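J.: Sequence lines, in order, name chains A and B.
Numbering-wise, the first sequence is residues 1 to 114 according to the numbering used here.
Numbering-wise, the second sequence is residues 1001 to 1118 according to the numbering used here.
Simulated from the structure, these hints should not be mistaken for lab results.
Since this is a predicted model, take the numbers as computed values, not measurements.
Be careful, since some hints might not be right.
These stretches of chain B come out as covered by chain A in the derived footprint (C-beta under 8 Å, 3 or more residues) [what the hints assert, rightly or not]:
id	segment
1	1026–1036
2	1040–1053
3	1108–1114
Restricting the straight-line Cα-Cα distance to at most 20 Å, the calculated cross-link-like pairs of lysine to aspartate or glutamate (EDC-like) are [unchecked claim]:
id	chain 1	residue 1	chain 2	residue 2
4	B	Lys-1078	B	Glu-1068
5	A	Lys-58	A	Asp-85
6	B	Lys-1054	B	Glu-1068
7	B	Lys-1041	A	Glu-88
8	B	Lys-1044	A	Glu-88
9	B	Lys-1054	B	Asp-1024
10	B	Lys-1041	B	Glu-1083
11	A	Lys-49	A	Glu-88
12	B	Lys-1044	B	Glu-1106
13	B	Lys-1051	B	Glu-1106
14	B	Lys-1054	B	Asp-1030
15	A	Lys-49	B	Asp-1024
16	B	Lys-1015	B	Glu-1085
17	A	Lys-58	B	Glu-1106
18	B	Lys-1044	B	Glu-1085
19	B	Lys-1041	A	Glu-109
20	B	Lys-1044	A	Glu-109
Heads up, the beta-carbon is just placed ideally off N, CA and C, and yes, glycines get one too.
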Amino acid sequence: AQSVTQLGSHVSVSEGALVLLRCNYSSSVPPYLFWYVQYPNQGLQLLLKYTSAATLVKGINGFEAEFKKSETSFHLTKPSAHMSDAAEYFCAVSPWNQGGKLIFGQGTELSVKP
Amino acid sequence: EAGVTQFPSHSVIEKGQTVTLRCDPISGHDNLYWYRRVMGKEIKFLLHFVKESKQDESGMPNNRFLAERTGGTYSTLKVQPAELEDSGVYFCASSQLRWEGNIYNEQFFGPGTRLTVL
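Could you build all of it, start to finish, from the sequences and the hints given here?
T.: Have a look at this one:
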């Protein structure tokens, strides 16, 4: 069965610092990969997705992620953190031919210090 | 355009009681998914509707959970009788079009229903 591992349940950065949230997946066939963000009292919002096109994917709010097949990774980065980036981030995969269902990682809570 | 809505936002019930959660997907979205997040754990898939038909219910925990989608519009998820381990946040998501094998359709999530079983 496919799985997703997010390293670090909590990550804290200073405002203006680099944001790096790690995600590794297990799959013999590269699946579709996603990053979602959840702000307090809101639903999950899609940040970006990888669907076998460009390996470097740009998303909303200045985030990007790079698909690395050799490392089975899909880490999320942002060059400069903003206070408004504080939220919980989820990495997810959608296996081939399984109806589009998502398999999520454990989530990473991002805190941004002034 | 209205997003995915879920009702109630919070529900507190006692063990053994029945609770029904409702999800209204985005209009025109044929795919509807239910997920659950138990505290401290990852969000887990429960089931998937295509219109009114259950496409995949492999994630349903047991037969105390019953999901329906009448007329291919809104969906309900009933838990009867509720147990302590059912506590968590239940998310609903919807997406447009039918899964075609290699075409991904973005899922739009509702805010979730937080269920607490005492």
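J.: Each hint should be assessed against the structure and marked as holding or not.
T.: Results for each hint:
Coverage of the segment 1026–1036 of chain B by chain A holds. Counting CB-CB distances below 8 Å, 3 residues qualify, and the rule asks for three or more. With 7 residues bearing a CB less than 8 Å from a CB of chain A, the segment 1040–1053 of chain B meets the requirement of three and the coverage assertion stands. Counting residues of the segment 1108–1114 of chain B whose C-beta sits closer than 8 Å to any C-beta of chain A gives 5, which meets the bar of three, so the coverage hint holds. Between B/Lys-1078 and B/Glu-1068, the direct Cα distance comes to roughly 9 Å. Compliance with the 20 Å bound is thereby established for this hinted pair.
The straight-line distance between the Cα atoms of A/Lys-58 and A/Asp-85 is roughly 16 Å, inside the 20 Å bound, and the hint therefore holds. Proximity of B/Lys-1054 to B/Glu-1068 is assessed by CA-CA distance (about 8 Å); at most 20 Å being required, the pair is judged to hold. A threshold of 20 Å between alpha carbons decides the hint, and for B/Lys-1041 with A/Glu-88 the separation of about 13 Å falls inside it, so the pair holds. Between B/Lys-1044 and A/Glu-88 the CA atoms are separated by roughly 16 Å; this keeps the pair inside 20 Å, and the hint holds.
Between B/Lys-1054 and B/Asp-1024, the direct Cα distance comes to roughly 16 Å. Compliance with the 20 Å bound is thereby established for this hinted pair. Proximity of B/Lys-1041 to B/Glu-1083 is assessed by CA-CA distance (about 17 Å); at most 20 Å being required, the pair is judged to hold. Restraint check for A/Lys-49 and A/Glu-88: the C-alpha separation of about 17 Å stays at or below 20 Å, so the hint holds. Of the pairs offered as hints, the one joining B/Lys-1044 and B/Glu-1106 holds, with about 17 Å between alpha carbons and a cut-off of 20 Å not exceeded.
Distance hint between B/Lys-1051 and B/Glu-1106 is fulfilled; the C-alpha atoms sit about 16 Å from each other, no more than 20 Å. Between B/Lys-1054 and B/Asp-1030 the alpha-carbon distance is near 11 Å, which keeps this suggested pair within the 20 Å criterion. Taking the CA atoms of A/Lys-49 and B/Asp-1024, the gap is about 25 Å. The hint is violated against a cut of 20 Å. This hinted pair checks out: B/Lys-1015 and B/Glu-1085 have alpha carbons roughly 10 Å apart, not beyond 20 Å.
The hinted pair formed by A/Lys-58 and B/Glu-1106 meets the criterion: a straight-line CA distance of about 16 Å does not exceed 20 Å. Under the criterion of a C-alpha separation no larger than 20 Å, the hint pairing B/Lys-1044 with B/Glu-1085 is consistent with the structure, at around 14 Å. For the suggested pair B/Lys-1041 and A/Glu-109, the alpha carbons sit about 13 Å apart, so the restraint of at most 20 Å is met. For the given pair, B/Lys-1044 sits about 18 Å from A/Glu-109 by alpha-carbon distance, which is consistent with the 20 Å threshold.
When held up to the earlier numbered hints, the structure conflicts with hint 15 and nothing else.
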